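Colleague: The listed protein sequences correspond, in order, to chains U and C. Each residue of the first sequence is one higher than the last, beginning at 1 in our numbering. Each residue of the second sequence is one higher than the last, beginning at 1 in our numbering.
These are calculated hints, taken from the structure and not from any lab test. Hints may be right or wrong, so weigh each one.
Stated by the list, open to error - Computed Cβ-Cβ distance ranges for the label pairs, DEER-style: (1) U:Pro93 <-> C:Gly135: 29 to 35 Å; (2) C:Glu351 <-> U:Pro93: 50 to 56 Å; (3) C:Ala264 <-> U:Pro93: 52 to 58 Å; (4) C:Ala320 <-> U:Leu197: 55 to 61 Å; (5) U:Glu98 <-> C:Val15: 49 to 55 Å; (6) U:Ala3 <-> C:Tyr298: 53 to 59 Å; (7) C:Arg121 <-> U:Trp96: 42 to 48 Å; (8) U:Ala271 <-> C:Gln127: 55 to 61 Å; (9) U:Trp96 <-> C:Val15: 19 to 25 Å; (10) C:Gly28 <-> U:Ala72: 32 to 38 Å; (11) U:Trp96 <-> C:Ala67: 27 to 33 Å; (12) U:Pro93 <-> C:Leu69: 50 to 56 Å; (13) C:Gln127 <-> U:Thr28: 53 to 59 Å; (14) U:Leu197 <-> C:Glu174: 51 to 57 Å.
What the hints assert, rightly or not - Under 7 Å between C-beta atoms, here's a sample of chain C residues computed to sit facing chain U: (15) Ala67; (16) His72; (17) Pro75; (18) Asn77; (19) Ser82; (20) Ala84; (21) His88; (22) Phe97; (23) Gly98; (24) Tyr131; (25) Ser134; (26) Phe228.
Claimed, not checked - To give an idea of the chain C side of the interface with chain U (calculated C-beta under 7 Å), a few residues: (27) Ala49; (28) Phe51; (29) Ala55; (30) Thr78; (31) Tyr125.
Computed from a predicted structure; not experimentally measured. Here a beta-carbon is modelled for each residue, glycine too, at the ideal position from N, C-alpha and C.
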Amino acid sequence: MRAGRTFVLAVPWAWLLLFLAAPLAIVTLIAVAEPADGVPPYRLTWTLDNLRLVATDPLYRNALGLSLKVAAVSTLACLLAGYPMALAIARAPARWRETLLLAVMLPFWTGFLMRINAWIGLLRDDGWINTLLAWLGIGRLPLLYTDAAMYVGIVYTYLPFLVLPLYARLSRLDPELEHAAADLGAPPWRVFLRIILPLSLPGVWAGCALVFIPAVGEYVIPELLGGPQAQLVGRVLWGEFFQNRDWPTAASVAVLLLVVLLAVPALLVRALRR
Amino acid sequence: MTLQITGLAVRYGPVTALDRLDLTVATGELFVLLGGSGSGKTTLLRAIAGFVRPAEGRILLDGTDLAPLPPHRRPVNTMFQSYALFPHMTVAGNIGFGMRRRGASRAAIAARVAEMLTLVRLEGYAQRRPYQLSGGQQQRVALARSLAPNPRLLLLDEPLSALDRGLRSDTRGELVRLQRSLGTSFILVTHDQEEALTMADRLGVMQDGRLAQIGTPAEVYERPATRFVAEFLGAANILPGTVQADGSVDLPQLGVQVRTGRPATPGRILLALRPERLVVGDAGTPNRLSGVLAEQAYAGGTLTSTVRLADGTLIRTSQALRDGFGSVRLAIGGPVTLGWQPEACILLPPE
């Protein structure tokens, strides 16, 4: 019994150790190593120069700031688009709910890169949207490789991650609470603001975290849809790693990103507790 | 406040929940809707509150048709069966919620909340959260919350069903005293006949989306209009019979004539006898039946006896044990006489 239990618990612990703790340790080791010519392109030592560089150099700080801004705007856009969706699904007749949830998850059936490439097909200068605009007499617009295209891609990709936890929360709310609020004279907008919204906040935070955290480190979408000016932290990291072959600096950027991503929710939780 | 409901019908697809129902509730009245599950009593309450859209009929409150008003504009409040207390608000927040409707000032809301807390004896609980309260305390918060906006009519959906037995009968009396002192009209839904009889000014027995009978508790209990009402409100022994020209009732299968003590139209009827109006043993009553004692069940204060008549019909009786159990203990299987006064006869239309 005890041995079986130890074994069952050992599997997830081993998994976490192997695929979370070990890579983290390796990245941290490289972050405090010295760059070198050779294979691998670093020499193990103990220096904080790389971390100091990425924490102070405007290039990295700007990239990080831009990433946080893009992630925040994308999260807000996902929330504004996803909240009505989640609420509508939760309030839909029971026989429709599964179909609607399936529709939210349907994009996952296709590969991520395929879907981003589809957006390129829609947005490029001779793409479907511009063809339609030209046909309407509005004329072609530069859509691809802009910030707007990048935001569309991020919101499109991460929307389900916000809708699903929020739906789970909203569908569990007791409808009698809304009846009670209406019965006590609250018009629908007040029922939403005073009852539905506050009671759905745990779902809102969960959904926002699931969008915000991966969006900060997003590399593929800004690379494929965004313009060259969108130097997000993921692209900078990629550049250091593959173009400059500066592993210690790349690892330092990764460590900095991780610290910031851990600090943001921690600060948020503290602010909310107050 | 007068509530006037005429021809109210509610349908859920092919299911008729309310079937052209009429009801008038007067100012300051405590009206109880009694019915089994699925009889439509909760639907009626929800139609008055505005959560259910009637297919036909009108609901007039002091002459104003409620139909065009959404729930939040109706001068009616509901106390929900589940209480539906807002879990993210304090007791004070819950009770004060309905006060915003009139745009009452903070001070006015606080004063009203304090007043309601005193009314339901929960002073000192203002800052608690609903989950920190016992069931009985939650029930009182729900009551205070629904009364705080001073509704013209309060609808109570099974308000006592979530309480345990002892608390329920205490709360019953408390609720009636509260209703009397406030003068607010109450419509209370219950499936508990004792609750209905003890609390109601008038009560209505619901059956299949209709009101089978409306009257004071005594009227409905003593003179039920149909077999359903007789059996739903209290228990009844039903015997088929025929009213004779002289007003007596002939029970042909038993070969017995029964005096009813009042005139009746000749024809086929059902004779209903309440268990507690029957006397086991020969007490010299004008009406008598003989049979065999089939079963006795002792319940502390009362003794339930089942008597098998000549034709096999089982008659249930219930006697208060005034002089203790020994005085009425009889041998199972032995012959017994059942007696009752003419006034105990209830004549019901045949089915």
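Colleague: Hint by hint, note whether the structure agrees.
Modeller: Against the structure, the hints come out as follows:
1. U:Pro93 <-> C:Gly135: 29 to 35 Å: Holds, at about 33 Å.
2. C:Glu351 <-> U:Pro93: 50 to 56 Å: Check failed, 40 Å falls outside 50 to 56 Å.
3. C:Ala264 <-> U:Pro93: 52 to 58 Å: holds, 54 Å
4. C:Ala320 <-> U:Leu197: 55 to 61 Å: This hint holds: roughly 58 Å between Cβ atoms.
5. U:Glu98 <-> C:Val15: 49 to 55 Å: Given a distance of about 25 Å, which is not inside 49 to 55 Å, the answer is violated.
6. U:Ala3 <-> C:Tyr298: 53 to 59 Å: For Tyr298 (chain C) against Ala3 (chain U), whose Cβ atoms are near 58 Å apart, the range 53 to 59 Å holds.
7. C:Arg121 <-> U:Trp96: 42 to 48 Å: holds, 47 Å
8. U:Ala271 <-> C:Gln127: 55 to 61 Å: Taking Cβ atoms as reference, Ala271 (chain U) and Gln127 (chain C) lie about 23 Å apart, which means the hint is violated.
9. U:Trp96 <-> C:Val15: 19 to 25 Å: Given a distance of about 21 Å, which is inside 19 to 25 Å, the answer is holds.
10. C:Gly28 <-> U:Ala72: 32 to 38 Å: violated, 59 Å
11. U:Trp96 <-> C:Ala67: 27 to 33 Å: Given about 29 Å between the Cβ atoms, the range holds.
12. U:Pro93 <-> C:Leu69: 50 to 56 Å: violated, 25 Å
13. C:Gln127 <-> U:Thr28: 53 to 59 Å: About 47 Å separates the Cβ atoms of Gln127 (chain C) and Thr28 (chain U), which means 53 to 59 Å is violated.
14. U:Leu197 <-> C:Glu174: 51 to 57 Å: violated, 36 Å
15. Ala67: violated, 16 Å
16. His72: At about 5 Å, which falls below the 7 Å cut-off, the nearest Cβ of chain U leaves the hint on His72 (chain C) intact, so it holds.
17. Pro75: At 9 Å from the nearest chain U Cβ, Pro75 (chain C) fails the 7 Å test, so the hint is violated.
18. Asn77: holds, 6 Å
19. Ser82: Holds - the Cβ of Ser82 (chain C) comes within 7 Å of chain U, reaching about 6 Å at its closest.
20. Ala84: holds, 4 Å
21. His88: holds, 5 Å
22. Phe97: holds, 5 Å
23. Gly98: This hint holds: Gly98 (chain C) lies near chain U, its Cβ roughly 3 Å from the closest one there, short of 7 Å.
24. Tyr131: violated, 13 Å
25. Ser134: violated, 20 Å
26. Phe228: violated, 31 Å
27. Ala49: holds, 6 Å
28. Phe51: OK, holds: Phe51 (chain C) within 7 Å of chain U, min 6 Å.
29. Ala55: violated, 20 Å
30. Thr78: holds, 5 Å
31. Tyr125: Nearest chain U Cβ about 19 Å off; hint violated.
Hints 2, 5, 8, 10, 12, 13, 14, 15, 17, 24, 25, 26, 29, 31, counting from the list given before, are not met by this structure.
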